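Visitor: Spelled out from the first residue to the last, the chains are:
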Amino acid sequence: MQCVPSTLRIGSLIDPMRTRALLDFCSWLEETPLSQTIQSAGWIVPSVQTVHILSIAAVLSSVLMIDLRLMGLLWRDQSLARVSARFRPVIWWTLPVLLATGAVMIVGEPARSLANPVFQLKMALLVAAMIVTLSAQVPLGRNPAFWEGRRGAARIVAVFSLLLWAGIVFAGRWIAYF
Amino acid sequence: MDIDTLLRTLEETSIATLIRENESLFPWVESFHVLAITLVIGSIAIVDLRLIGLASRERPAGRLASEVLRCTWTAFAVAAITGALLFASNAFNYAHNSYFQAKLLFLVLAALNMSVFHLFAGRDIERWGIPDQKNPLPARIAGAVSLFLWIGVVAFGRWVGFSLHPTPLAG
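Chain order of the listed sequences is A and B. Take the first sequence: its position 15, counting from 1, is numbered 15 in my numbering, and each next residue is one higher. Take the second sequence: its position 48, counting from 1, is numbered 48 in my numbering, and each next residue is one higher.
In case anyone wonders, no lab produced these hints; they're calculated from the structure. A quick note: this is a predicted structure, and the numbers were derived from the prediction, not measured. Backbone N, C-alpha and C define an ideal beta-carbon position, used for all residues, glycine too. Some clues are possibly wrong.
[Stated by the list, open to error] Stretch-level coverage of chain B by chain A, calculated; a stretch enters the list once three of its residues show a Cβ under 8 Å from a Cβ in chain A: (1) 31-38; (2) 45-58; (3) 154-160.
[What the hints assert, rightly or not] Restraint-style ranges between C-beta atoms, simulated for each label pair: (4) 58/B / 152/A: 26 to 34 Å; (5) 109/B / 130/A: 34 to 42 Å; (6) 130/A / 18/B: 31 to 39 Å; (7) 104/B / 100/A: 27 to 35 Å; (8) 24/A / 6/B: 47 to 55 Å.
[Stated by the list, open to error] Listed next, the stretches of chain A that the computed footprint assigns to chain B, with coverage defined by at least 3 CB atoms under 8 Å from CB atoms of chain B: (9) 39-46; (10) 49-57; (11) 60-74; (12) 166-174.
Bound conformation, chain A alone (with noise of 0.2 Å):
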């Protein structure tokens, strides 16, 4: 990897996440077998990597169509609970190959991820969509017409949901960056 240039390490404003444990961590699991066996196996990662963005993929695109529907913009024959019953699943079955494909980049450069401030961003970022996606889902699990006389409500949750899932995306490709 090459050097990254210095105008792009934010990572001093953020530096309480920088422990010295985390560190200690981070050199530990790169020095494990499995560690050093992604390491040097040069198809390993961009494999798992490639399974990843497919894996983000159908978790955004599932995520599109019900906020798209939660704003009125489309599936408008169907109504939200049926489009979510469809989509939903897909969203909940992939989040652990995310997970699991997430991990694997980790314990192949511990220090590069979970040190890095994006990393923890990103984290952050889907804890917040994972509430924002519960929150619209819950209620219209217990009622399936609970949006639909709450349409300004509907809107807000769906453009929170779209910009937390495409900051997801943001800060996923900007790790290599910091």
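Once you have looked at the hints, place chain B on chain A.
Guide: Coordinates of chain B only, in the frame set by chain A:
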């Protein structure tokens, strides 16, 4: 003018130079490219899975395709523009990279597959594409081929980042 001269000329355009020399412009353009490409393949997969008959079978295929493909084309426009900008910034090396060439080949094949589908099986999609009916074989093949080609586009695209020498920035 031979192709290499043309590629070098493209690299020297002011926009290409700007993306290459500005430290944060390349990752920004790349971020939009990745976001767009995930939406292209994710949305096209929804259509492909309907054509194969694996998902959304309760929806008319023609209606589903026309709704979802609007998202696909919007995202594709963003992916193509950002892709062209990234290409211009390092045109010579991209053009001579075999993974990049394979990615372009798969894009062309995906376009051909789509055109053949629209010319033949797609023409009477309203007739066969009714809910819960088995799709004709050419439609199922077109869906499977499309899915395969787009997965290839993503895979080759990722490999470009690991094989480009000299890499302008991090993989």
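Visitor: Please go over all the hints and tell whether each is borne out by the structure.
Guide: Now for the hints, and whether the structure bears them out:
no. : hint                      : in the structure
1   : 31-38                     : holds (count 5)
2   : 45-58                     : holds (count 4)
3   : 154-160                   : holds (count 4)
4   : 58/B / 152/A: 26 to 34 Å  : holds (30 Å)
5   : 109/B / 130/A: 34 to 42 Å : holds (37 Å)
6   : 130/A / 18/B: 31 to 39 Å  : holds (38 Å)
7   : 104/B / 100/A: 27 to 35 Å : holds (31 Å)
8   : 24/A / 6/B: 47 to 55 Å    : holds (53 Å)
9   : 39-46                     : holds (count 3)
10  : 49-57                     : holds (count 6)
11  : 60-74                     : holds (count 7)
12  : 166-174                   : holds (count 6)
Violated hints: none; the structure is consistent with every hint.
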